[in-house]
Amino acid sequence: MTATASATPAAPLGTAGPAASLARHRTTLLLTGAAVLLVLGSVLVGHGAWPASLTVDLDGPLGDVSDWIIDNRDTHPLFLYFFGHLSNAVVLSVRGVYLVLLAAGWAGVTAAAGLIAWRVAGLRLAVTAVVAFLVCAVLGMWVPTMQTLALMVIAVLASVGLGAVLGLAAGLSDRVFRVLRPVLDTMQVMPAFAYLLPVVLVFGIGVPAAVLATVVYAAPPMARLTALGLRDADAGVMEAAASLGATGRQRLFTARLPLARRELLLGLNQTIMMALSMAVIASVIGAGGLGDRVYQALASVDVGAALAAGIPIVLLAVVLDRVTAAAGHRLGAAPRPGSARLGWAVAAAGTVVAAVVARTVASTGWPDGWTADITRPVNTAVGWMTDHLYSGVPVVGGTADWAGRFTTWVLDPVRDALQWLPWWAVLLLIAVLALLIGTWRTMLTAVLAMAAIGVLDVWDPALDTLSQVLAGVAVTLVAGFAVGIAASRSSRVEALLRPVLDVFQTMPQFVYLIPVVALFGVGRAPAVAAAVIYALPAVVRITTQGMNGVDPVTMESSRSLGATGFQQLLKVQLPLARPALLLAVNQGVVLVLAVVVIGGLVGGGSLGYSAVFGLAQGDLATGLVAGAAIVLLGLMLDRVTQPTRRRSGKGA
Amino acid sequence: MNTPPHVFSVRDLWKVFGPKADRVPGDAELGALDAAELRARTGCTAAVRDVSFDVRKGEVFVVMGLSGSGKSTLVRCLTRLIEPTSGEVTMDGEDVLAMNAGRLRELRRHRASMVFQHFGLLPHRSVLDNVAYGLEIQGMGRAERRERAAGVIAKVGLDGLESRRPGQLSGGQQQRVGLARALAVDPEVLLFDEPFSALDPLIRRDMQEEVVRLHREEGRTMVFITHDLNEALKLGDRIALMRDGRIVQLGTPEEIVGSPADDYVRDFVRDVPREQVVTVRAAMRPADSAESVSGPALAPDATVSEAIEAVVRTGETARVVEGGRCLGVVDHACLLGVVAGVPAVKEAV
Amino acid sequence: MARTRTPVVALASAAALVAVAGCGAADMTRQASPFANARGAKTVTLSVQSWVGAQANVAVAEYLLEHELGYRVDTVQIDEVPAWDALSQGRVDAILEDWGHPDQEARYVRDKKTIRSGGELGVTGHIGWFVPTYFAKQHPDVTDWRNLDTYADSFRTAESGGKGQLLDGSPSYVTNDKALVKNLGLDYQVVFSGSEAAQITQIKQFAKEKKPFLTYWYKPQWLFEQVPMTEVKLPAYKEGCDAEPEKVACAYPHTPLKKYLNARFAGAGGRAATFLKNFSWGTEDQNKVALMIADQKMSPQDAAKEWVDANEKKWRAWIPE
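Residue numbers (this note's numbering), protein chains in the order written: chain A, 1 to 652; chain B, 653 to 1001; chain C, 1002 to 1322.
Isolated chain A, as found in the complex:
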């Protein structure tokens, strides 16, 4: 979820004189139209929530499907010959990797990680990798880390394979691309939570379901970037290859694929990061490993234990991210002296030696005496925080007081207002907003998605979730723009911020939940708070990039005209960074929704709660309807905030 920003650059909006005047015209037209419809609607349709006559009750049929699956799972050929094998294949391969990792022992795995990082990304990252793995071991999390790693390896391989096949098809065939692209774009913005229910329905709780959910979640960026990379291959090079008489296969393997290496590696990077974040969330459906430790710790309000499992996740994320990113940066650089093959041979030999030495000297398991327990000190610190910051702090009030005020003054009015609005007015509002920012097509999608929510009979909970999203987005944007602008104007602030943002962007969403509960109590306010913390880094980053991306010549010319710093910001930077800011809004909305939904675990209620409830009670009808509503809400929010993208002329 976190990495999507860099992959979706927004083209600048039309700024020419006539276009602008047309746009102004359009706004007036839109508002007039909306007003007319408002009057018509209130006369003809009347007030109220989504009418019951327009809903479809899916509980019955979905419940039947769920029952049918459970009753026939042991006998039906579809399961015996397809899903069963799929599930067994997953179990078998995860187990294989897990056994290899255990056999290599902590020394072997750490050495392998360090040496691979050294070959791919250089010495500094090699050190980082080694330290990261050792910290995982010191925290007593070696075995869960290996479980998560084994699951990740299989999930990433499958995602990359699936993504590459889809991407290849879409990259080489216009028709496939036209069909696939909107699907992939949409999957990219879906909250992770929504993916869990369908796989559980088929596979039941366990590792196969977790791996498959992860694959479905992590394959789209690979497919998307593969397709884009293949399609964007330098036409001149491709023509040169053709002019030399290359066959289709030769053109693909010697030119088109190598030319897309940067995109392929970026795809790999995003896939790995998304797989990791999903592997953690999938602990809810039995993924095991580090995510499960976090989940178990959350169940007993044990922030320390949650952190002990959360830190390895973050370290794993940082190492994987940096190494794959560094591999991308190194492309096109001069080949290093010395044979690459020799280097890899050294790396492989080093791994084997480390594993064997450690095995003969000690056992393959991490020695018990070398672990450090951070649980207690962390819990003491958290306890102190709750004791002293929760309420009754003079002047500013405690965090619980803030949460209460936020709920009463912001969340409640927004929710009440949304639920008070007649259903058709909500649709109208969405249509107008979508038209103001996007196109007819985005408007249509958004309105249809919202209407579908009504048809599913989850109108009120959806509006409740929506109110939390809106409040969360508002806070995120205010804070994010402020910090982002500050960072773009001071390189020192940016330097300070960068590592913080990096870490925050790779943190599992789960870990945010417990401290916010400790600080803000239970309810919608902490859910929104967790969402804000989660979405903030992306918004800050996009804002900073957008502001820094403003043409320095323009800045210089405005300075030469004697503009003050503030004038520059207001008159030059902000307007020019508009596309980036719109993208930040879009990303903010998508990320806030993802966590607000998970907020169902801490009293966020509404759709997220229904999804959790569906999982927890095995009531898949409720869960699936809620999941579908989450998807639709995500679709609607994404489309409403999606700035018009000018498509490039060539190709599709």
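The hints are simulated quantities; they were obtained by calculation from the structure and are not laboratory data. All C-beta atoms in this analysis are idealised placements derived from N, C-alpha and C, irrespective of residue type, glycine included. Treat each hint with caution, since some may be false.
As the list claims (entries may be wrong) - Here are the simulated distance ranges between beta carbons:
id, chain 1, residue 1, chain 2, residue 2, range
1, A, ALA372, B, PRO775, 45 to 51 Å
2, C, LYS1248, A, THR27, 40 to 46 Å
3, A, GLY369, C, LYS1212, 17 to 23 Å
Stated by the list, open to error - Reference listing, derived: stretches of chain A covered by chain C, where coverage requires no fewer than 3 residues with Cβ under 8 Å from a Cβ of chain C:
id, stretch
4, 195-209
5, 375-384
6, 406-418
Since the structure of chain A is already known, use the hints to place chains B and C on it.
For chains B and C alone, kept in the frame of chain A given last:
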């Protein structure tokens, strides 16, 4: 005259882009429309219109025109990188348009190689492997192709840069790699698509001289596309001048400059230093008896500027001599007439 | 070219999948965890539910299985209902604490016979509505449901709007509270905290400030040791009064908690299966361990060790010959 055999022979070639493009070439009425009208009527653009020419073995055949004149499309039609809409293309008497995919690949692999304006190099490969790329596609073994490539690299003056990546080279060096890649497969014809227009003027001149040198040494047939008249005049044995998809004049540089076919060409060549293009064969007048024995001797294809130098140096009328026979003479008046662009002087004498 | 390649690739990967998986039918009742039985040890996979009492059961069983019987134990956190499904598929070998799921029992134990009962845990569970004892002492009449409406104001929070708040917990727990509030005509709003963790945090916060609150809670639960709570009397439970979820208007029953084993494991699980069938302890024992885990933040292993060291007589009886 003993004409060498034709390498390429092009007849009635059309390339029309757009919906239902193939109805345009056959339709006399549509074919007569200009670009804007055609577009309005059919939504089509005719990049190449009814073009016919021959490329002789061993010559440098230049196609010249401004951007949008259809010259780049034309050269791509020769090896069907762009599929022609209608017409006939033969190479060494073999119908190119009738070739199946395999035969066409053979043509591209062994008989005609192309050098591109934007080089089209593979950024992830070293210079050596880029040059060897064509051989790799032919299926040649690694050691052999690298050896061959190394030889070609030396020929184009890139020694010592074999392991660099294209991104680390200057534009001129990159185009040398492109040239070497085309040469490495030892093709019968080299096709150049505006190869030097992305380069700095000084480097461009070096590269042009490189081409001249290669042609002199190997005598390979070349088809050269350019929008630069000076480049065309400098390199071309014959020049086809294109405008709006048609060839408006085809001839030697001297014919183009000396006798433009229409106002467009005349306008085009107005600023050309004629004395460097026109030969004394075209500038001379019949000699009288005294003149035919004294004065500096010049070959008939010496340029007027060379004649001027000889005349100025000796102060005498220069003789045009071929095989010991005096064909005619050039004096001050003849030569100045060429420089001034007034052909009447010659006829007046 | 492109058009023909895609199906080819798809076919090839499908073929590879079949090849990897073998060609026969897959057995959907043998779906062990990939992490089980690693490195030669016999492994027992136990389902551990999210509440601490269940963690205490598992911690002690795990400790004894590993130290006395030489097994390796994997634990998986699964919610109650999905755990039944996992149990039937063999992903989990045993559930040690089930609060009564008649539907699931009928489906898996009676009809499909993939799960077998493992006897009683020895602990009796009870769900109810509770108020903090400090509040009940000041207002003794609050413990009768008929008087709850008069206290609705005291229990109001930002989340409950204008009504009193009834704090509910994890979505995975058995609850009739929404129906109860409706059918008893109470001026209350059920607020789901979403997880037990969140609910406990909330209760502790209330207790720290001695604020009044009304919560769904259950016994045995270690939190009573820290925050003494008094149950509110609801209309008495009668057999079958909770048959129709929509119409419930009575208290929750007292449920003897039960253990369930995967049928294949129960038959072929050797000493581990016998041990788990024998495993049975009291409310007090469970609370002791739970408190060590949840409140003293001891690791479950350490807590189990402490209990095992002090209660050898009790657990000796569970170890099969």
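Here's how the hints hold up against the structure:
no. : hint                                : verdict
1   : A:ALA372 with B:PRO775: 45 to 51 Å  : 48 Å, holds
2   : C:LYS1248 with A:THR27: 40 to 46 Å  : 54 Å, violated
3   : A:GLY369 with C:LYS1212: 17 to 23 Å : 45 Å, violated
4   : 195-209                             : holds (count 6)
5   : 375-384                             : holds (count 3)
6   : 406-418                             : holds (count 3)
The structure shown violates the earlier hints numbered 2, 3.
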